[in-house]
Amino acid sequence: MAVLHQRRSRAWTAPYLLLAPALVFELLVHVVPMLGGLWMSFRELNQFFLRSWVSAPPAGLGNYRFAVDFDGAVGAELLRSFSVTAAFSLLTVVFSFGLGLGAALLLQRPFRGRFLVRGLFLVPYALPIYTAAMIWKFMLDRSDGVVNAALSGAGLGGGNFWLLGGNAFLSLVVTAVWRLWPFAFLALTAGMQSVPGDLYDAAECDGAGPWQRFRFITLPVLRPVAQVLALVLFLWTFNDFNLPYMLFDQSVPSAANLVSVHVYQSSFLTWNFGLGSAMSTLLLLFLLAVVLLFLAATSWRRRAS
Amino acid sequence: MFPRSRNGGARAREPRPVRAPCLLLVLVVLSAALVGCGGQQRKLVYWASNQGSSTAQDQQVLRAELARFTARTGIPVEIEVISWNDLLNRILGAATSGTGPDVVNVGNTWSASLQATGAFVPFDAAAMDRLGGRGRFLEAAMSSTGVPGRPPAAVPLYGTSYAVFYDKRRFREAGITAPPRDWAEFLAVARKLTDPAHDRFGLTVPGASYTENAHFAFLFGVQHGAHFVDQQGHTRFTSPAAVAAVQRYVELMSCQHVVRPDDAEVSSVPEAAGDFTSGRAAMLIAQNSALPPILDSDMPAEDVGVFPLPLPNPLPPGGNPVRTHVGGSNVAVLRDSPRRAEAMELVRFLTSRRTQVDLNRAYGSLPVVKDAYDDPAFSTGNAAVFGRLLAQESAPVPMIPDESRFETTVGAGVRDLFARAAMGQRVDREQVREALADAEQQMRGAGGS
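Listed in order, the protein sequences are those of chains A and B.
Mapping of the first sequence onto the working numbering: position 16 corresponds to residue 16, and the numbering continues sequentially without gaps.
Mapping of the second sequence onto the working numbering: position 157 corresponds to residue 157, and the numbering continues sequentially without gaps.
Okay, chain B solo, but in the shape it has when bound (with noise of 0.2 angstroms):
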C-alpha cells in the first residue's frame, strides 16, 4: 500500500531494530492523549445562566455570594456562566454523556421537556421538606418546575414577569399623566407617543426573537381564551381565539403602526431595550430581566416607570386576566451527579432566604419563596409591580415535554408576520390564520400531536 522503493538492495542495510521505538512512539503519543481525558474533579461544579447584564459580572456575583457557602459548608463550588444560548445545547449535552456539571440552571419553560429526559434528579416531598417545604415557594413559580402531578425535575430559583417599561419623561411631554387602563388607552397613548417622521415610536418588540413572540402569542392566547395546547395535549393553534391574539400582537405594527418596522429585524430583548434606552421607543413590554441593561444605560433611572401590562376590555369570552406567563430560571440536580448530597446542600444555600435577597438584588429580578418578599428591595417600587404580578396575574406556558416545539413553530411563524408587515405586505386574520396552520403541521409533524 506504502509505495516503497524498489531498490532492494538499501533494504538490507536498514536498521534493525526498527519496531520497538515505533511501538514506544505510538504508546507515548496515545498515552499522552488519553492522560488528559482522565481525573477526577473534587470541587462541585454549578452552570449558572447569565441572569446579569453580563456572564462577567454574574461571575462576580456568585463568586463572592457562593463563598458564604464554601465557609459554611466546606465544599468548594467550581462556577460557569453560561449565555442562554448555548445553555440548553451545553445541558443537552450533559445529560446525554452523564458527564458535566452536578448543578445547573434551567429557564423554567424548558422544566417538563427537560423532566421528561430523566437526566434530573426528581425533588420529592422528602427533598422539597429539605428546602423548607414546597409552600415556602411562590406557587406561580412552583407552576413552572414540570409536568403537574409529578415531582418538579427542577426547583425555581429566579422569578420574573413581564410588565409595560415606560419613559417617564417622554409621557410628560405628551401631556400623558397616568399609566393607561386597558387594551385601548394602552394604543391611544402609543399612538399619541409615535411620530415616524422623528423616529419616535410608541413601542418596541424584539419582532424576530422567537422565543418573545411564543411567549406573548401564548399570553396574549390566555387572554382571549385560546389554549395553543390543550388538556389532553393536542395543538390548537388555528382556534378563532388564537387566530385573534396573534393578531392582536402583530397588528401593533401592521395595523396600529405603534412599533417601528425596523423591530422585525430586532431579534433580542437587550437590542429592543437599546431603542427604549435611546428614546426611539417610549414603551417596552419586557420581563424583569430586561432591568439591568436598561439601568446600564445612559437613561436617567428616575424616568424608567412600570405599569402592568393592560388587558381588553372587555375580555373576550372565555378568557383570563392574566398578564404575564411565569418567566424566569429554575435550578436542577443532575441525576448522574457523583456528589448527589453537596449538589443538594447547594440547591439549599441557593433557595434560602438571605442568598434569594441577595442575588434577586444583584440580577434585578424576583425571590421565589414567600419569605424574601419582606425585604424592601422587592416590596417597594418597580420590583413591587413585578412581584405582584407574578404572583398573582400570571399564567405558566404549557407545561408539557414538546414545549420548546411549540416556542419554534410558533415563534417563528409570528417572526414571518412581523416580516410581511414590516416590509408592507397585508397580514390579516387570513395571513395569520396561514401562518399558525403552518405552524400547527410542522408541531405535529415533527411527532407532537
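Just chain A, with the same shape it has in the complex (with noise of 0.2 angstroms):
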C-alpha cells in the first residue's frame, strides 16, 4: 500500500517538477516586476532615491491621490491622457476588426491567386515595427510626406501638418489600423478554416442567400475567435507605446498622448518613479477590470446558451 503510495505521489509531482522551470522564470520576468512595480508605487522613489531605491520613503496612498486628483496638472492630464487612448484603441479595433472581417470573407471562397493576395495583407504585420513607424512618419511629414503630395495632387487640399495637433490622432488611428488590421485578418481567416464547407452547400441548397449564410453559419463559428480577437486587440491598444513613441519621439502632442506614453513621460523624464509606478497600477487594475468583465459576460453567454 505504501508503495502504491509512493508511486502515485510521484507521478503526481512529475509534471509540476517540468513545469518548474518555466514557474521560475514567469515569477523571475513576470511576477516579481510587477510586485516590484506596486511596491514602487506606495514610495516616494525619486533621484534621491534612486542607488538606495529600498530606503526610498513610504508614501501611502499619495502617488495614487495625486494621480486621480483631477483637479490638479497631474491627474488632469493623466484624465486627458486615459480618454485620448480609450477614444485610440475603440477606432482602432473597430477598424482593425472590420477591414480584418471584410478581407477575411473576401478571400474565403478559392480563386486564382489567393495566397498572394493574402500574403499581400500580412506585409504590414510582418514589417518590424519601427521600420513601419517611420515609413508613416516620412509619409505624413507636411512639406516632403506623400500623403500631402497626394492630397494635393488630387486637388484635395493638402500642406497639413498630419504630426501636430488634432490632426496627430487620426495619424496615430490610421498608422494603427493599418499594422494591426492584417492581424485580425489572420485570425479570422484561421477561425473561417473551421467552418465546414458542406454547411456551406447544404444552406445554398436550402435557399439560403449569402447574408444568411454570413449572419446564420459564419458569425456563429467565429463568435469564440472574434470575441478572444476583440479582446486581445483591445489590449495591445492600449497599451501601445511603440507606434507614438516612434511617431512623434518624445514630443508626442497631447491629442495622441496615450496613456503608457505618458506613465513613461511621467516617470524616466521626470525622474518621478513612484508616481509613474502608481499611474501604472491603476492601468494594470483598469485592464484587469475590462479583461475580468469581458470574461465573465461570454462565459455568462455561454452558459444561458
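Since the hints were made in silico from the structure, they are not lab data.
A quick note: this is a predicted structure, and the numbers were derived from the prediction, not measured.
We put the CB at the ideal spot given by N, CA and C, even for glycine.
Don't take each hint at face value.
[Stated by the list, open to error] Over the 10 angstroms line for every Cβ pair with chain B, so calculated as not near, a few chain A residues:
| no. | residue |
| --- | --- |
| 1 | Q212 |
| 2 | R215 |
| 3 | P220 |
| 4 | F294 |
[Unchecked claim] To give a feel for the contact side, a few chain A residues facing chain B, derived at Cβ under 7 angstroms:
| no. | residue |
| --- | --- |
| 5 | R51 |
| 6 | F161 |
| 7 | L164 |
| 8 | G165 |
| 9 | T270 |
Grab the two chains, each in its own frame, and use the hints to assemble them into the complex.
And the structure:
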C-alpha cells in the first residue's frame, strides 16, 4: 500500500517538476517586476533614492491620490491621456476588426492568386514596427510627405500638418489600424477554416443567400475567435507605446498622448518613479477589470446558451 | 490540477524512476540559465556619449585614442558608445542596479539631477588635484558639474556653446556683407533671406525638440532677466520677463515668419542642420556639436560661417548679455565600480591635454581645460568663436536636481506654441503665458517647488 502511495505521489509531482523552470522564469520575468512596480507605487521614489531605492520613504497612497486628483495638473493630464487612449483603442479595434473581417470574407472562396493576396495583406504585420512607424512618419511629413503630395495632386488640399495638434490623433489611428488589421484578418481567416464547407452547400440548397449564410453560419462559428480577437486587439492598442513614441519621438502632441507614453514621460523624463508606478498600477487595474468583465460576460452568455 | 488519465490500470505500468530524471532536467535547465548571469569582467567598462556624426565613428575615434591609455597603464577598456536618446535610461538602470559601467559620460545639464542620486563618486579637492587642480578647467565648464558648493559628481569632458551658423553664399547673394550685430539686425537679415514662395527661409529651429526649446527658453530668459527657477529653487515660469523671452523665440515663426512652419515638426538638431545644408534655411542656431553633420554634408565647408547669437539692443531691464548656455558632456565614475582607482586613471587620461586636443578635434567640440587652447585647432576659425562664447559669454542652466523636469515641462510648452504657430493660430502674450502657466503647474504638481 505504501509503495502504491509513493508511486502515485511521484506521478503527481512529475508535471510540476517539469513546469518548475518555466514557473521560476515566469516569476522572475513577470511577477517579481510587477510586484516591484506595485511596491514602488507606494514609495516616494525619485532621483534622491535611486541608488538605494530600498530605502525610499513610504508615500502611502500619496502617489495614487496625486494621480487621481483630477483638479490638479497631474491628474487632469492623466485623465485627458486616458480618454485619448480609450478613443484611440476603440477606433483602432473597430476599424482593424472590420477590415480584417471584410478581407477574410473576400478571401474565403478559393480563387487564382488568393495565396498571393493573402501574403500581401500580411505585409504590414510582418514589417518590424520601427520600420513601419518611420515610413509613416516620412509619409505624413508636411512638406516632403507623400500624403500631402497625393492630396494636393488630387486637388483635395494638402499642406496639412498630420503630426501636430488634433491631426496627430487621426494619424495615430490610421497607422495603428494599418498595422493591426492584418492580425485580425489572419485570426478570422483561421477561424473561418473551421466552418465545414458542406454546411454552406446545405444552406445554399435550402435557398440561403450570402447574407444569411454569413449571419447564420459564419458568424456563430466565428464568435469565440472574434471575442478573443477583440479582447487582444483592445489590450494591445490600449497599452501601445511603440507607435506613438516612434511616430512623434519624445514630443508627443497632447491629442495623441496615449497613456503608456504619458506614464513613461511622467516617470522616466521627470525622475518620478513612484508616481509613474502608481499610474501604471491604475492602468493595470483598469485593464484587469476590463478582462474580468469580458470573461464574465462571455462565460455567462455561453452558459445561457 | 493536471488532467490525468482515468484509466487506473495504466498507472501500474508507469516506469518507476520518474523523478530523478525530472529533477535532473530541472536542475540542468536552471543552472544553464543562471550560469549566464555570473562571470566577472576584468576590463574597465566605459559608456561614451555620441559626440561625432555616428556611434560607429565615435567607436573608432575612441578605440584609437584609448589604445594609448591601455598601452601606458595596462588597463584594457571596453568602450560602448550610446546614443543620447538611450544614455539617460541606461545610466538610471546602472545607478539603480549597481552594476554596469565604471565610467560614463553624462549630459552636463543632468549633472545636478544625477548628483542627487548619490550613484557617482564625488570629485573632492584631492580628486581634482589628481586631475591637475580645479583651476585647470574652464570656469564655465566647471559651473555645470553639479549643485554649487558641493563636490561635483562629474568633471567636464567636452564643451559646446550656441552660435549662429550661416550660409555665406546665401548672404553674398542677398548682398549682406557683415553678420548682424543685434537682434533687430538679425531679424532684418532673416527677413531679407526669407522667400516662402521659393521655400527659402532665413532661419531653421528644431521646434519639436523639447531639450532645444528648453535651452532657448533659458537662454532668451537670461537675456530678459528672467529666472525660471529662482535662488530658493521656486519656479517662476510666468514672470513677465519669462513670457517675453519665450514669446521672442516663438515669434520667429508666428509673427516674423522667418522660420518655416514645418520646423514645428523638426525634432532634432541634425534634422534642422539638414535644412541648413540643403540651402532651405540660411541660418541655424545650434551648438558646435552640429558641426560634424554639417561638414559631412554636400555643403562646401568654406560656405559655413559662424557668428555669436545677437543680443537685443538695448538689453531688457535686468537682462544679462549671455549668448549661450554652458553645453557639453561631463564624465563621471560610478560609486559601485569595483575598479575605482583605474576608473579615476581613465578620467585623468580623458582630461589630459593631449587627449582633450585629439578628441575635441575629432568631434568638433571644445576642450574643457585651459592648457588645450594653445592648439591652433581651437584658437582659430569657427572653433575660436565657439570657444570664446563658452568661456566668456555663457551661463549654466539651473543646477537643481529637478533640471530635467524644467526641460520637459517648459520644452514641451514651447513645442506646443510652435505647433499653434505652424497651424496659423494666434500666439501672443496671453497664449505664451498660458502655456508657461501649464508647464509651471506640471513642474510643481510633479513634486517640484
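Status of the hints after comparison with the structure:
With 10 angstroms as the threshold on Cβ separation, the claim that Q212 of chain A sits away from chain B holds: the shortest Cβ distance comes to roughly 40 angstroms. Once the 10 angstroms rule is applied to beta carbons, R215 of chain A is consistent with being away from chain B; the minimum gap is 36 angstroms. Consistency note on P220 of chain A: stated as away from chain B, and its beta-carbon is indeed over 10 angstroms from all of that chain's, at 28 angstroms minimum. At roughly 25 angstroms, the least C-beta separation between F294 of chain A and chain B is larger than 10 angstroms, which holds for a residue marked as non-interface.
Given the 7 angstroms rule on beta carbons, the hint for R51 of chain A holds: about 4 angstroms separates it from the nearest Cβ of chain B. Nearest Cβ of chain B to the Cβ of F161 of chain A: about 6 angstroms, under the 7 angstroms cut. The hint holds. Interface hint at L164 of chain A: satisfied, since its Cβ lies 4 angstroms from the closest Cβ of chain B, which is below the 7 angstroms cut-off. Because the smallest distance between the Cβ of G165 of chain A and any Cβ of chain B comes to about 6 angstroms, under 7 angstroms, the interface hint for this residue holds.
At about 5 angstroms, the closest approach between the beta carbon of T270 of chain A and any beta carbon in chain B falls short of 7 angstroms, and the interface hint on this residue holds.
In summary, the structure agrees with every hint in the numbered list given earlier.
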